[in-house]
Each structure stands twice: as structure tokens, then as C-alpha cells.
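The letter at position 273 of the sequence shown is residue 272 when you use numbering that gives the first Met the number 0, and the numbering goes up by one with no holes.
In case anyone wonders, no lab produced these hints; they're calculated from the structure.
There could be a bad hint or two in this list.
Said to hold, decoys possible - Straight-line distance between alpha carbons at most 27 Å, and here's what the computed DSSO-like set of lysine-lysine pairs gives:
id : residue 1 : residue 2
1  : Lys490    : Lys318
2  : Lys242    : Lys223
3  : Lys480    : Lys469
4  : Lys221    : Lys182
5  : Lys267    : Lys437
6  : Lys151    : Lys320
7  : Lys110    : Lys221
8  : Lys242    : Lys437
9  : Lys480    : Lys490
10 : Lys223    : Lys213
Said to hold, decoys possible - Pair ranges (Cβ atoms, derived):
id : residue 1 : residue 2 : range
11 : Ala313    : Lys445    : 26 to 32 Å
12 : Thr309    : Leu200    : 29 to 35 Å
13 : Pro388    : Gly457    : 43 to 49 Å
14 : His109    : Gly298    : 53 to 59 Å
15 : Lys270    : Ser209    : 46 to 52 Å
16 : Leu200    : Asp443    : 35 to 41 Å
17 : Arg488    : Gly457    : 34 to 40 Å
18 : Asp413    : Ile485    : 28 to 34 Å
19 : Lys110    : Tyr393    : 41 to 47 Å
20 : Gln373    : Arg175    : 47 to 53 Å
21 : Asp443    : Arg488    : 17 to 23 Å
22 : Lys445    : Arg367    : 24 to 30 Å
23 : Tyr314    : Gly238    : 33 to 39 Å
Keep in mind that this is a model prediction, so the values were computed, not measured.
Glycine included, C-beta positions come from ideal geometry on N, C-alpha and C.
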Amino acid sequence: MMLRWAKVSDGKGDHCDSEEMDMGFNVLGSDEIVKSKRLIVRPRIRVWMARAITTVILWTCVVQLMAIGELWGPRLLKGMPHCFSHQDASPAITKAFVPAKVVLPPKRIHKNNGYLMVSCNGGLNQMRAAICDMVAIARHLNVTLIVPELDKTSFWADPSDFQDIFDVDNFIGSLRDEVRILKELPPRLKRRVEQGLFYSLPPVSWSNISYYEKQILPLLLKHKVVHLNRTDARLANNGLPLKIQRLRCRVNYNALRFTSQIEELGRKIVKILTQKGPFLVLHLRYEMDMLAFSGCTHGCDSREVEELTTMRYAYPWWKEKVINSELKRQDGLCPLTPEETTLVLTALGIDQSIQIYIAAGEIYDGERRMASLQAAFPNVVRKETLLEPSDLMYFQNHSSQMAALDYLVSLESDIFIPTYDGNMAKVVEGHRRFLGFKRTILLDRKHVVHLIDQYTNGSLSWDEFSIMVKKTHANRMGNPKRRIIIPDRPKEEDYFYSNPQECFQFQDEPLSST
0 MMLRWAKVSD GKGDHCDSEE MDMGFNVLGS DEIVKSKRLI VRPRIRVWMA
50 RAITTVILWT CVVQLMAIGE LWGPRLLKGM PHCFSHQDAS PAITKAFVPA
100 KVVLPPKRIH KNNGYLMVSC NGGLNQMRAA ICDMVAIARH LNVTLIVPEL
150 DKTSFWADPS DFQDIFDVDN FIGSLRDEVR ILKELPPRLK RRVEQGLFYS
200 LPPVSWSNIS YYEKQILPLL LKHKVVHLNR TDARLANNGL PLKIQRLRCR
250 VNYNALRFTS QIEELGRKIV KILTQKGPFL VLHLRYEMDM LAFSGCTHGC
300 DSREVEELTT MRYAYPWWKE KVINSELKRQ DGLCPLTPEE TTLVLTALGI
350 DQSIQIYIAA GEIYDGERRM ASLQAAFPNV VRKETLLEPS DLMYFQNHSS
400 QMAALDYLVS LESDIFIPTY DGNMAKVVEG HRRFLGFKRT ILLDRKHVVH
450 LIDQYTNGSL SWDEFSIMVK KTHANRMGNP KRRIIIPDRP KEEDYFYSNP
500 QECFQFQDEP LSST
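Using the sequences plus the hints, can you model the full thing?
Below, the structure is given as C-alpha cells:
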């Protein structure tokens, strides 16, 4: 169109017809055409330059916003479910969760003899000890350990995976100079496992390391993948190389950290308690499942005895069915009742104003059975009474995560007293020893129930009862001592995790043999 107008202008004059004028065109000469093109190109260059500069500025802003987001994101997201943060968290707690650069140990280079899969069984602390054992075994056999699978089919039916309870990255990274740990099998081996092409077995209980060398290692070399489907108490307490014993401790006290959400809430509970003064943690093992399993029904009425017995028969893996409750109690094999515990705490001279934190699940017939304890010690508390319901919302129906909170509070208490020597009592006892022999009162239940019965029937006065209870426990306060070794009777000897003596840095105080 532009060329046609230029031709009319050269040959016929400098006007155009009215129709063309109405379209708004101007007639240009050839020089003007070139000039016009230049004028059109320059604005286009400016536009593209502007766009390029704008793009650079926008990307710079995005990068800056991302950097700011990393710093302020967690604060802006306070209250979101996946953050588990709390509005009243102290500056110390907030600061603790700013990610710090972690220096990992160098990787250990070794020939890989295979892949070890493990399925833990039992409650939190039974599984915790088992994980320590499995790491030590994997290290000794020079095999790759797959992150352990937690028990989801036990009485508690907790659906939590390893990473829901423990800091899986710390577990893997902090141990990489000892053992290679993977979150899952390599794809090719994973497909083989999915097809059932692997070897699975329960290892023999309380085995020494030669069992794993002679029985498990050949299976690993042959099948490449071996699955240990039970892990409770599968490694001996004693007679193991020192490096294995110390690795068990390293896993327990360094590698097995709880998730940041669990640790944050545990610190919050401890802060609430310490702000009000000293506190005692009472591991009152008097839940319904414990009583049904043990058959201990002292103080229960006939309806409760029937209910507990029915429950025991309902679980086929609880092998012992016919149980003489009173005989078992006299042998010191029953957890103390809340009423018995009240008498013992009072006889020991525990300050009645001290806070008593109950580290346990729901106490069986709690309102009736806890009445005497609450009357003698008014400051009885639980995590459910110290925290808001919203704090525990994401932990409900996850018994292992709730137990993890109790574990953390137990470590920090001024006094720890378990009323039964279950897995939590033993593992916490050992951890408190490791932290500097913190005061842990280990009740002699067999002797205590005899004293209680004598006091109840009038054979002992209160003063006599109190003196004898104090005398009985004078040397049962978590003092340094050697583990008692009973050859060929590992269940009766001292548990490694209750007193991991190989891992202590003893100074002036010698170990006793009692």
C-alpha cells in the first residue's frame, strides 16, 4: 500500500482522492519512506530492551523473595498443621529450629556384602533398642542397612513410619562413617523383593556376634537381600567387642534423634514444668493392656478381673493365659498399683508439693485408682493437662509419638521413678546414666510389696515402714555400677541399655559390683 501511494505522488501530483484521505493515509516520497522505516525500527528496539531489563529485574526480585521466604517462611506459616509450631514458643526454642549447617563424617568405604532389611516389633523403646542392635550388626557384617520398618500391627496399632518419629536424615548422615544406610532398596533389588525373591527369618534371641557371622552373613552373600522379621533382644548384652557396644550407644544417644516436631513439643512441656519448680517423672505402668498382659489384678474388682482376663485371651500372641496374680505380685513381677506407689513415694520422703508428671497412657479405672496419689501429691500432671488440645492434635492415635514425648520429659526430670521394669523404664534408666547418672529410683518391687503388706496388716508402724523403704533404696538411685552377668540366662541379667557401662566416661567414682 505504501509503494502504491508513492507512485501516485510521483506521476499525478501531491493529492489523493477523498476515499483514500478518509482512510487516514499520507502520501510519502521515497526518502520519507526510508526515514519512516528507521523511525519504526528504533521504537521496536527500545521495546525489546525494556522487556529484557524488566525480565532481569523480575527474576532478581523472585530470587530475593525466595531467599527471604527461607528465613521468614516458617514464621509466616505458624499454626499450619505441618509446622507443629506454637505461638508461645520461647526465643530459645525458635532459635533451636533454625537449620544449622551440619558437618557430616566422611563416608566409610568398604565392600558391600548385601542388604539388610529389618522389621521391628513392640513399642517405641523396644524398637529403639532393636534399631541400635541392627546398626551394630550391619556394621560388623559390612552390609547396607535399609531404614528399619516400625511395628504397625502390635496392640497399639500405631501407623507411624520411621521418619514420623525419628530424624531419618540425621540417622543416615551421622552414621555414614560406620555403616551405609539407605531409605529404600535400589530399584532392581526392590523389584526382586516385591516378587518375593529374598530370604526372611527371625534371628535367635540374645545371640552373640558369631551367630551373625556364621548364620546370617552366608545368607546375605547368597541371597543379596535378607529380611530380619523380629528384632527384639536379638543381640547379647555381654561378651561383644567393645566397638560394637560403643556403636550401640552412639546410635542410641546421637543418631536416634526424634523429629523436630516431637522435640519442640517435648521442650515446651519441660519448660512449663521447670518454670514451676522441680519435677518428678513417674512412669506409672498401670494401663489396661499392661494389666491384661501381665495378669496382675491386685486391687481390681471382680468385673475388672473378668474384663482383663477376656482381653488377655483375645490376643493370641500373648502366650501366658492362666496367671496367678497374687503369686506373681509376691515375686515382684507386677507393676505397683497407684495406691502402692503413693505409699512408697511418701515413705521415701518425696516432697508432697513437687510436681509429678505421669509418663504413661490412660491409667486403668483412673479416677478411682488415682485418687490416693492425687490426694497425697496435689501437683499430679500429664501432658494432656499441661498442653492445649491443639498441641496434641497431630499426635493422637500415635502411641509411639506420645511415648516419645514422655521419653524426652523423663530424661529432663529431677527424679525418674518407674513402677515396672519394662522397656521404657530400662532404656530411660540407661540414658539418664549416660547423661551423668541423673537420679533414678529403681524400686525393689518384691521387697516393697512385702513391706506394704506388713504395714497394711499392722505388723509395721509408719515410721518403721518408712525407714525400711528408704534403707532398701539407698543404693538404687542410678549410681554407677557394673552390669550383673548371668551366663546362659540373659533375661535375668542386667539389660545392656539400662546400664551401658562401656560408654561412660568414669572419673573419680569407681563402679560397684552390686
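Quick rundown of the hints versus the structure:
1. Taking the CA atoms of Lys490 and Lys318, the gap is near 17 Å; set against the 27 Å cutoff, the hint holds.
2. As the CA atoms of Lys242 and Lys223 are separated by approximately 26 Å, the hinted pair is consistent with the 27 Å bound.
3. Between Lys480 and Lys469 the CA atoms are separated by roughly 19 Å; this keeps the pair inside 27 Å, and the hint holds.
4. Between the alpha carbons of Lys221 and Lys182 the distance comes to roughly 23 Å, so the proposed pair stays at or under 27 Å and holds.
5. Distance check on the hinted pair: Lys267 and Lys437 sit about 21 Å apart at the alpha-carbon level, within 27 Å; holds.
6. Simply put, Lys151 and Lys320 have alpha-carbon atoms about 24 Å apart, close enough for the 27 Å limit, and the pair holds.
7. About 15 Å separates the Cα atoms of Lys110 and Lys221, which keeps this hinted pair within 27 Å; it holds.
8. Note on Lys242 and Lys437: the hinted pairing holds, with a Cα-Cα distance of about 25 Å set against a maximum of 27 Å.
9. Of the pairs offered as hints, the one joining Lys480 and Lys490 holds, with about 19 Å between alpha carbons and a cut-off of 27 Å not exceeded.
10. Note on Lys223 and Lys213: the hinted pairing holds, with a Cα-Cα distance of about 16 Å set against a maximum of 27 Å.
11. Distance hint check: the CB atoms of Ala313 and Lys445 are about 30 Å apart, consistent with the given range 26 to 32 Å.
12. Range check, Thr309 to Leu200: Cβ separation about 34 Å, and the 29 to 35 Å hint holds.
13. Restraint check, Pro388 to Gly457: a C-beta distance of roughly 46 Å satisfies the suggested window 43 to 49 Å.
14. Taking 53 to 59 Å as the suggested C-beta distance range, the pair His109 and Gly298 conforms, at roughly 56 Å.
15. About 48 Å separates the C-beta atoms of Lys270 and Ser209, a value consistent with the hinted range of 46 to 52 Å.
16. Distance hint check for Leu200 and Asp443: the Cβ-Cβ separation is about 39 Å, which falls inside the suggested range of 35 to 41 Å.
17. For Arg488 and Gly457, the hinted distance range of 34 to 40 Å is satisfied, since their beta carbons lie about 39 Å from each other.
18. Taking the beta carbon of each, Asp413 and Ile485 are about 33 Å apart, inside 28 to 34 Å as hinted.
19. Take Lys110 and Tyr393: their Cβ atoms lie about 43 Å apart, and the range 41 to 47 Å holds.
20. Look at Gln373 against Arg175: about 49 Å separates their beta carbons, and that is inside 47 to 53 Å.
21. Against the hinted window of 17 to 23 Å, the Cβ-Cβ separation of Asp443 and Arg488 comes to about 20 Å, which satisfies the hint.
22. Distance hint check: the CB atoms of Lys445 and Arg367 are about 26 Å apart, consistent with the given range 24 to 30 Å.
23. Restraint check, Tyr314 to Gly238: a C-beta distance of roughly 34 Å satisfies the suggested window 33 to 39 Å.
In summary, the structure agrees with every hint in the numbered list given earlier.
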